[in-house]
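Generate the whole structure from the sequences, applying the supplied hints.
2 protein chains.
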Amino acid sequence: MINPLFTFQIEAVQNRARAGSFVTPHGVLETPSFAPVGTQATVKSLTPEQLSDLNASLILANTYHLHLRPGDKLIKEMGGLHKFMHWSGPILTDSGGFQVFSLAKKRVIDQDGVTFRSHIDGSKHRLDPEKSIAIQENLGGDIIMAFDECSDPYDMQYSREAMTRTHQWAERCQRAKTRSDQALFGIVQGGIQEDLRQESAQVISNLDFPGIAIGGLSVGETKPEMYRILEVLDQALPGEKPRYLMGVGTPEDIINGVRRGVDIFDCVLPTRLARHNAAMTRFGGRMNIVNAQYAQEEQPIDPQCECYTCQNFSLAYLRHLVISKEMLAATLLSIHNLHTLIDLVNQIRNSIIAGEFEDFFQQFDQKYAENKPAGRMQI
Amino acid sequence: MINPLFTFQIEAVQNRARAGSFVTPHGVLETPSFAPVGTQATVKSLTPEQLSDLNASLILANTYHLHLRPGDKLIKEMGGLHKFMHWSGPILTDSGGFQVFSLAKKRVIDQDGVTFRSHIDGSKHRLDPEKSIAIQENLGGDIIMAFDECSDPYDMQYSREAMTRTHQWAERCQRAKTRSDQALFGIVQGGIQEDLRQESAQVISNLDFPGIAIGGLSVGETKPEMYRILEVLDQALPGEKPRYLMGVGTPEDIINGVRRGVDIFDCVLPTRLARHNAAMTRFGGRMNIVNAQYAQEEQPIDPQCECYTCQNFSLAYLRHLVISKEMLAATLLSIHNLHTLIDLVNQIRNSIIAGEFEDFFQQFDQKYAENKPAGRMQI
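These protein sequences, in sequence, are chains A and X. If you're matching positions, the first sequence starts at 25 in our numbering and goes up one per residue. If you're matching positions, the second sequence starts at 25 in our numbering and goes up one per residue.
Heads up, some of the hints might be wrong.
[To be verified] Pair ranges (Cβ atoms, derived):
| id | chain 1 | residue 1 | chain 2 | residue 2 | range |
| --- | --- | --- | --- | --- | --- |
| 1 | A | 296 | X | 335 | 27 to 37 Å |
| 2 | X | 27 | A | 73 | 37 to 47 Å |
| 3 | A | 139 | X | 142 | 52 to 62 Å |
In case anyone wonders, no lab produced these hints; they're calculated from the structure. Glycine included, C-beta positions come from ideal geometry on N, C-alpha and C.
Structure follows, in structure tokens:
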């Protein structure tokens, strides 16, 4: 079931880390890749041109949000998501599942799908595998996701049930799909239980999706648990397909993910931290821009950083913008934070191609450990 | 008292309208010119590069706001306003007077200056001519303004008193000034009384400032009253100096101002309207982007507009951003609104140089009249 519109070529491998190219109808995704999140068809506070300047290659948009507002049918009538949001590069849409399950008391799950109430106006809606695919076909992203169920990682019984439903739904998504210019990725679930993850990897691999996503991680488990599951999956998944670790995006998780065979990442973290006045640093640290120590600081966030913000603005200015509640603060911090992660995956990629990834990782890991007590902010 | 750093050359005249060039240490200001307002050292929601792309030439920043936060001394230590906000073009700072007098119950005026309480923390401050100049010298704008007092235009007695103080303060500002790389503009006051305006024009002209500002208009008087005062001043002011009409920036007021000899304008209107979800149209109309009629509109705000927003985004998308409370809405609408006014002054300038300004005005005026009932929004 090879679709010539979507091919994945692995260009270099070092231990488990891979550098590759995933071809999509809207451009080639060089991996490892980090995707900024544009929940409502906009990466918050940035124009598409500012994203291009950041060398963003893949953008994620959220099916749940866009289905409710402005509506996937409207977006289809407007020529699809690329035209609607003026982004000509690759787009990935999620299935809506994760958002719906996060609604907690506002949703009821059955074997067939989920009934939920909108967070906007309380209106009643239904999402199931067929509906999720229909919505994602209307949106028109390049990569679309199977409708899955993410469980509490520490609830073994629920993890099994959710995994089983995820497998049934994956098949239904595959049958429901009609567009050949979209790549449907299957999703592996199974919480933090190795046997479930192995089973899920087997089932999803057998369905022969053009790419495989790893769901249900970074949802409350510890970092060692997450890394152990990634190692299990690295062994259990087919090597020739791109692997996407959903919702993960701290520098340390990205580099540790690549080291365990992951190719694609996405996370709201860089733009969300920016709106909470925090700058990400290269080795996992965070700076609270409001801190009085920056009031008279002529230096930028990071004198070695090559982003637009660090090239042109002092910490004193950024702090002034934040304290004055100026919108430009979120824009400039989003640019810096996204650059930090996009630059990291690019450096990782280059180090894999150069056969130096393990050295790169060891250096990162040492700086990360040194940096750790220096004030990691929680958002 | 000619300063070679600041020269004004009139390149073309048609009736009372003038096209000129005002040289500043940070570049040439081609007039007529419209200055976007960057109250807190940022034109809200835009990067300096986005302003450059709009061909903005002059930016206004507010002395009152920057003195209180982050402090003019800090900005001086950071290398001045140009470096602080990363804007290499000309900057104009106001005197702080207008903002302080707007504080109403929070300020007390005496012959010497004004005592007021900060809108931020209630702390007590004092502003007088010498202090205003010292602050503006710390900020380091190219054009700085004399400390003046704006009166209620319908209070004749108060208008005379405020004008008299303004004249005394203008002389004190001139004496207080120490930097030769800044041009100090005097300000004419006098409300809507022709005799006061004539007297004020005479006094301020005699002080031989390199440029003259017209204060106290667009503060509650009618448009015919404003235009009549502009005609009086056009006769009373020296022809060879640039004239700046403070705080005025609707399309109709700009074109009517140029027709009465004004060269420079500034206004918060385009960016403020943008944050209130309104797009300006070329002939004085305003579109409320939230209107349901735009929900499925594939066209941009104005298909003939050449701004970045109109070239790339549909009304349906802009409405989606506004309704979803996305920050990008303010950015895209600010770009369109500022483009509308900057493009207007450029067209006016070209028409004056081509000897076609009167035709241009008549066409504008007709469209303005037709457009008027169509829904001018009040902000």
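- List, from low to high, the hint numbers that the structure doesn't satisfy. Violated hints: none; all satisfied.
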